[in-house]
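Undergrad: Protein chains in written order, with my numbering: chain Y, 1 to 261; chain D, 1 to 127.
None of these hints come from the bench; they were simulated from the model. Please read these numbers as outputs of a predicted model, since none were measured by experiment. Ideal placement from N, C-alpha and C gives every residue a C-beta, glycine not left out. Treat the hints loosely; a few may be bogus.
Derived BS3-like pairs (lysine-lysine); straight-line CA-CA distance at most 27 Å [claimed, not checked]: (1) Y/Lys102 - Y/Lys166; (2) D/Lys48 - Y/Lys33; (3) Y/Lys166 - Y/Lys212; (4) D/Lys4 - Y/Lys26; (5) Y/Lys239 - Y/Lys166; (6) D/Lys58 - D/Lys74; (7) Y/Lys134 - Y/Lys147; (8) Y/Lys147 - Y/Lys61; (9) Y/Lys33 - D/Lys74; (10) D/Lys48 - D/Lys58; (11) Y/Lys134 - Y/Lys61; (12) Y/Lys102 - Y/Lys259; (13) D/Lys11 - D/Lys58; (14) D/Lys58 - Y/Lys33; (15) D/Lys48 - Y/Lys26.
Computed from the model, here is a short list of chain D residues facing chain Y with C-beta under 8 Å [stated by the list, open to error]: (16) Asp19; (17) Ser73; (18) Phe77; (19) Ile97; (20) Arg101; (21) Asp111.
One-sided excerpt, in silico: chain D residues whose CB lies under 7 Å from chain Y [said to hold, decoys possible]: (22) Lys74; (23) Asn102; (24) Met106.
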Amino acid sequence: MEQKKLIDEVEALRESFDSTTSQIIKDLRRQEKIMVRSDQRQQREYDELQLQLDEIKRLNKEIEDTQREVLLTVGGIGETRSKETFNHVRRVAEYSKLLALKMGMGIEEANLLKDASPMHDIGKVGIPDSILNKPGKLTEAEFEVMKHHALLGYEMFNKSERPLLKAAAIIAYEHHEKYDGSGYPRGLVGEEIHIYGRITSIADVFDALGSKRCYKEAWSDPEVFSLLREQSGSHFDPKLVDIFFDCNAEFLAIREAYKDE
Amino acid sequence: MLEKLFVAPSKCTPQIDFDPESRILAVEGSSYPENTFVFYAPMMEWVKAYFGQESEQKTIVNLEIIYFNSSSSKLLFDFFDALEEASSSHDIEINWIFDARNEVAMEAGEDFTEDFSHLNINLVEKQ
Numbered sequence: 001m002e003q004k005k006l007i008d009e010v011e012a013l014r015e016s017f018d019s020t021t022s023q024i025i026k027d028l029r030r031q032e033k034i035m036v037r038s039d040q041r042q043q044r045e046y047d048e049l050q051l052q053l054d055e056i057k058r059l060n061k062e063i064e065d066t067q068r069e070v071l072l073t074v075g076g077i078g079e080t081r082s083k084e085t086f087n088h089v090r091r092v093a094e095y096s097k098l099l100a101l102k103m104g105m106g107i108e109e110a111n112l113l114k115d116a117s118p119m120h121d122i123g124k125v126g127i128p129d130s131i132l133n134k135p136g137k138l139t140e141a142e143f144e145v146m147k148h149h150a151l152l153g154y155e156m157f158n159k160s161e162r163p164l165l166k167a168a169a170i171i172a173y174e175h176h177e178k179y180d181g182s183g184y185p186r187g188l189v190g191e192e193i194h195i196y197g198r199i200t201s202i203a204d205v206f207d208a209l210g211s212k213r214c215y216k217e218a219w220s221d222p223e224v225f226s227l228l229r230e231q232s233g234s235h236f237d238p239k240l241v242d243i244f245f246d247c248n249a250e251f252l253a254i255r256e257a258y259k260d261e
Numbered sequence: 001m002l003e004k005l006f007v008a009p010s011k012c013t014p015q016i017d018f019d020p021e022s023r024i025l026a027v028e029g030s031s032y033p034e035n036t037f038v039f040y041a042p043m044m045e046w047v048k049a050y051f052g053q054e055s056e057q058k059t060i061v062n063l064e065i066i067y068f069n070s071s072s073s074k075l076l077f078d079f080f081d082a083l084e085e086a087s088s089s090h091d092i093e094i095n096w097i098f099d100a101r102n103e104v105a106m107e108a109g110e111d112f113t114e115d116f117s118h119l120n121i122n123l124v125e126k127q
């Protein structure tokens, strides 16, 4: 009798053990399945995210390229109206980037300056041809009208929130300011002039002097260099003039690479 | 009588709408709660109490889970376990509803029909 009771108990134990182990096995299989599914899904999601990220990068680049191209083209319009060459715009852009880098700016900001600098004379689209293309010296009244192009350019871009167009606004506004305060339109002095303005100023003048314009012949290199030296601290930021002469070969290489046909 | 259970949806948790009167239990939305088992504890308790009451009438379970993390997946298995247990004494019909483009949800539905062959599960594909 005792024996029978014991057997029943052990039988009951076995049943309970069986049901527990099969529950555990079921759970383990289930965990395994969940894990496999989850891994597959993660991989799929990750792949999908990567694809989308690539697409976003591509679109971003597209936007940036488009902005750059539009600015370069619009800058070119400003220049051709005043019979300057498209390559002038490109050279000024490259000189500006080089000066920015040598001043210690990061590559991104230097590129921003390069892309925005073609806008420096865009305000000239609002200046009458009679003044813009006048051979010889402008009268005082004509020069007052001409000076207006800085403000016109600023007003075109100033309302934008885009860093590139903000930079273009600053450059258009300040590229005729002079280090000693004798420039226009506001007569800012020294570092009151934004670094973008100071950089574009020397880049623009260096290129303009060496090129033929409706009102003047091209200057020789020694003439250009002596003017830049002379104007260090008056027209130009002396730090930038120093950089120009320290890295003169690099500037001349840019001029050569983008020379007028 | 058991009270209706309603949990409003959030970004990472689904809407839970269990109505003892209409006998429709619906879960709809995304499921990746910070603590899955804590989030679903009231639902699991409710289900236990609900099927603890005898009834001849059919219960419909509508599950439309757009996205779920691994612990929600485990929770769903537990939920189906509870339904399977109850199905011996209750008439239960389950609709696993998924978007045709949502492969993951479709596969999960297939897993459940495979694992719970005693349950009446319909895979309902939304177009």
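Undergrad: With reference to the structure, classify each hint as holding or not holding.
TA: For each hint, the structure was consulted:
1. Y/Lys102 - Y/Lys166: holds, 22 Å
2. D/Lys48 - Y/Lys33: Judged against 27 Å, a Cα distance of about 26 Å means the pair holds.
3. Y/Lys166 - Y/Lys212: violated, 31 Å
4. D/Lys4 - Y/Lys26: violated, 33 Å
5. Y/Lys239 - Y/Lys166: Holds, because 24 Å separates the two Cα atoms, which is no more than 27 Å.
6. D/Lys58 - D/Lys74: holds, 26 Å
7. Y/Lys134 - Y/Lys147: Holds, because 14 Å separates the two Cα atoms, which is no more than 27 Å.
8. Y/Lys147 - Y/Lys61: violated, 36 Å
9. Y/Lys33 - D/Lys74: The given pair, whose Cα atoms are some 10 Å apart, holds under the 27 Å limit.
10. D/Lys48 - D/Lys58: holds, 16 Å
11. Y/Lys134 - Y/Lys61: violated, 41 Å
12. Y/Lys102 - Y/Lys259: holds, 23 Å
13. D/Lys11 - D/Lys58: violated, 32 Å
14. D/Lys58 - Y/Lys33: Measuring from Cα to Cα gives roughly 31 Å; hence the hint is violated.
15. D/Lys48 - Y/Lys26: Holds - the C-alpha atoms of lysine 26 of chain Y and lysine 48 of chain D are around 21 Å apart, at most 27 Å.
16. Asp19: The hint is violated - aspartate 19 of chain D has no Cβ within 8 Å of chain Y, the shortest such distance being about 29 Å.
17. Ser73: holds, 5 Å
18. Phe77: holds, 5 Å
19. Ile97: violated, 19 Å
20. Arg101: Given a least distance of 12 Å, the restraint on arginine 101 of chain D is violated.
21. Asp111: This hint holds: aspartate 111 of chain D lies near chain Y, its Cβ roughly 7 Å from the closest one there, short of 8 Å.
22. Lys74: holds, 6 Å
23. Asn102: Violated - the Cβ of asparagine 102 of chain D stays beyond 7 Å from chain Y, reaching only about 11 Å at its closest.
24. Met106: violated, 12 Å
Checked against the numbered hints given earlier, the structure breaks hints 3, 4, 8, 11, 13, 14, 16, 19, 20, 23 and 24 and satisfies all the rest.
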